[in-house]
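Protein chains: 4
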Amino acid sequence: MKERIPYVRHVYYYETDKMGIVHHANYIRWFEEARLDYMRKNGADYAAMEAQGILMPVIDVSAAYKMSAKFEDIVEVYTSLTSFNGVRAVFEYEIYSEGRDHLLTTGRSGHCFVDEKKRNPLNLKMRMPETYEMMTQLLEGDRL
Amino acid sequence: MKERIPYVRHVYYYETDKMGIVHHANYIRWFEEARLDYMRKNGADYAAMEAQGILMPVIDVSAAYKMSAKFEDIVEVYTSLTSFNGVRAVFEYEIYSEGRDHLLTTGRSGHCFVDEKKRNPLNLKMRMPETYEMMTQLLEGDRL
Amino acid sequence: MKERIPYVRHVYYYETDKMGIVHHANYIRWFEEARLDYMRKNGADYAAMEAQGILMPVIDVSAAYKMSAKFEDIVEVYTSLTSFNGVRAVFEYEIYSEGRDHLLTTGRSGHCFVDEKKRNPLNLKMRMPETYEMMTQLLEGDRL
Amino acid sequence: MKERIPYVRHVYYYETDKMGIVHHANYIRWFEEARLDYMRKNGADYAAMEAQGILMPVIDVSAAYKMSAKFEDIVEVYTSLTSFNGVRAVFEYEIYSEGRDHLLTTGRSGHCFVDEKKRNPLNLKMRMPETYEMMTQLLEGDRL
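Residue numbers (our numbering), protein chains in the order written: chain A, 443 to 586; chain B, 443 to 586; chain C, 443 to 586; chain D, 443 to 586.
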């Protein structure tokens, strides 16, 4: 199995709520941060995709909260691409406390690819074949 | 079936992202707004619960995005309590465009009840029997 | 002096932070909500402006916090246009607790007008003369 | 003059708005991130302050926007403590694009110190004399 490099992140004060812990909606944002970091590091840069007029909107998202992150915690987000066919992509996430001590949250997000102008679904294989290849290999690596 | 009164809400400018639509994490926040509004209107006020030292954290959440909301849209969120036993509660959400024209997003959130000080799970039946009754009736009404 | 109609708003749970009060950055967002509501109600709809390819970015903003808003509070935001010449606009804000009991926050924001495509400054008098007139009258009304 | 080490930060996708740039309220949050990072690195850890029952709320804040940050930009925030007497503190901020190429935003925030329980103002010199000393030296260093 290939070694996974997490996306590491400080918890900000403004991410807490009056319960004294991180507000649950922020983890959905962390998934996004981790996903874009993961794509960038694996040669499927989302900014480049948008520069080509291709958006990758979220079509579904879920999170299960096991332990809560607190102000000043450092969290590690492990991302995998678990499904991809050029039309749809699914990413899965595990958020751990620093040093992978505790599993805090798991989650997944489903995506499609759309043309920025027409807002129609598209197949990445047609529009960005190299990125398609990159993501196919990424999928296989993550599946090992 | 009882008539449902939605939680109605303007879309704010700062809730959009560079795709020109509402960022997906904000719908999770709208679920919260709608849930607390729904509880308040049905006699199970969450602020009163917190005043009794009881928190109702989110243990899981999911959303499916069908159409996107835009700046200046008015959205209607329909909330139902679909499971409740004093220890766990599940709420489900449907977000429509104004006039219930289009279904934009569906979602659900699972919750437990914990003591604010000890952060231990508790049974609402023991700690707030009247609110427990209210929520039990609400569950039955929503099930009709 | 003309009667002012405030923008009224519930405080959301996710707007609080671990101090138990509304996080200070959220008031800047409320200024925006109130400003856009005020423009819309006074015939200078910002959505219409954007539809014409004109943006009104913020060039400076300030806030002074006197008392803090809490979860479930209802706040009233009074907005005035205090300076406007077609090129620049200044809005001022007063946020009160419900019933105008306590002054919570005051603030102001400065804006210019730019072309959405070129991102160059423009004079609203040239591009949207009717809106320019509307805002000029608004300025005079607010100054009374 | 002492060398300043900035707080460095990626711009997240969800921080943009439909103008395609970072929403202005987010810079206020970056000031907070930078301030807490600056305090931590200079031995006046805010988390330690809160652990002692002392809060440092914001009493006023301002920002002037010169150029806008975009998705995927890396920004550098330079923080200075420019006023401090144990009762009040003022921090100033400069946000640059990566490599200090362009000045994007300047800002300041004023703070007091309050007792977490009583919410009364307090003098840090009395309650945390070592932190008071640290901040006094920091002030002098930043003034050079």
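Treat the hints loosely; a few may be bogus.
Stated by the list, open to error - Away from chain C, derived, C-beta distances all over 10 Å, residues of chain B: (1) Arg-471; (2) Leu-478; (3) Asn-484; (4) Ala-489; (5) Glu-536; (6) Pro-563; (7) Leu-564.
To be verified - Examples of chain C residues lying across from chain B (beta carbon under 10 Å, computed): (8) Tyr-455; (9) Tyr-456; (10) Asp-479; (11) Arg-482; (12) Tyr-488; (13) Phe-513; (14) Glu-514.
In short, the hints are calculated from the structure, not lab data.
Computed from a predicted model, the values in this text were never measured in an experiment.
For each residue, glycine too, the CB sits at the ideal point set by N, CA and C.
Hints and how they fare:
no.: 1; hint: Arg-471; verdict: violated (5 Å)
no.: 2; hint: Leu-478; verdict: violated (6 Å)
no.: 3; hint: Asn-484; verdict: holds (16 Å)
no.: 4; hint: Ala-489; verdict: violated (5 Å)
no.: 5; hint: Glu-536; verdict: holds (20 Å)
no.: 6; hint: Pro-563; verdict: holds (20 Å)
no.: 7; hint: Leu-564; verdict: holds (20 Å)
no.: 8; hint: Tyr-455; verdict: holds (6 Å)
no.: 9; hint: Tyr-456; verdict: holds (5 Å)
no.: 10; hint: Asp-479; verdict: holds (8 Å)
no.: 11; hint: Arg-482; verdict: holds (8 Å)
no.: 12; hint: Tyr-488; verdict: holds (8 Å)
no.: 13; hint: Phe-513; verdict: holds (7 Å)
no.: 14; hint: Glu-514; verdict: holds (5 Å)
Going through the hint list in order, the structure does not satisfy hints 1, 2, 4.
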